[in-house]
Amino acid sequence: MTRGKELEILKVAGGGEIVVTRTPTGQFSPVEIKKDKNPIVPARLQGDLRNVAARVAFELQESNSNLFSEIDTSDPEEIAEGVWEESLSRLKKSGLKDDDLVWVIARRFGARGLTPNQFKQLQEDIKAVIDSFKSSKSRK
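Under our numbering, think of the first position of the sequence shown as 807, with each following residue one higher.
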């Protein structure tokens, strides 16, 4: 099907790529869609992501205050009860899975220069905090 045709790779907003050929009229004809393996949080939910990350950082700061250098946990508005719960709910409704949320928080807001083992431990700690959010919510 693509024999003899030149392939082009186009970057897609939100991550990923599309491999295309050009039709004789100059339009693009998709051949293959490659999705980015990293989870993508839509722009409209970035504030919600930051709220949840702030609450996670607040919960984990006693064990290691240097883990989340990108987040100021002193702002009571970001970590207030209800704010992060609503944010977590919106992130879930968008289809973001727990493991993807954990990865994004660790990657975007975690300290730089972590070893792979430290990064994995950070992900486990974040997952434990998010799981405790869910279990405390179900007890209410």
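Derived by calculation from the structure, the hints in this document are not laboratory data. Treat the hints with care, since some could be wrong.
Said to hold, decoys possible - Here are the simulated BS3-like pairs of lysine-lysine, each with C-alpha atoms no more than 25 Å apart in a straight line:
no., residue 1, residue 2
1, Lys-903, Lys-940
2, Lys-903, Lys-926
3, Lys-926, Lys-940
4, Lys-933, Lys-899
5, Lys-933, Lys-898
6, Lys-933, Lys-903
7, Lys-940, Lys-899
8, Lys-940, Lys-898
9, Lys-926, Lys-898
Each hint, compared with the structure:
no.: 1; hint: Lys-903 / Lys-940; verdict: 13 Å, holds
no.: 2; hint: Lys-903 / Lys-926; verdict: 17 Å, holds
no.: 3; hint: Lys-926 / Lys-940; verdict: 21 Å, holds
no.: 4; hint: Lys-933 / Lys-899; verdict: 18 Å, holds
no.: 5; hint: Lys-933 / Lys-898; verdict: 14 Å, holds
no.: 6; hint: Lys-933 / Lys-903; verdict: 11 Å, holds
no.: 7; hint: Lys-940 / Lys-899; verdict: 14 Å, holds
no.: 8; hint: Lys-940 / Lys-898; verdict: 12 Å, holds
no.: 9; hint: Lys-926 / Lys-898; verdict: 22 Å, holds
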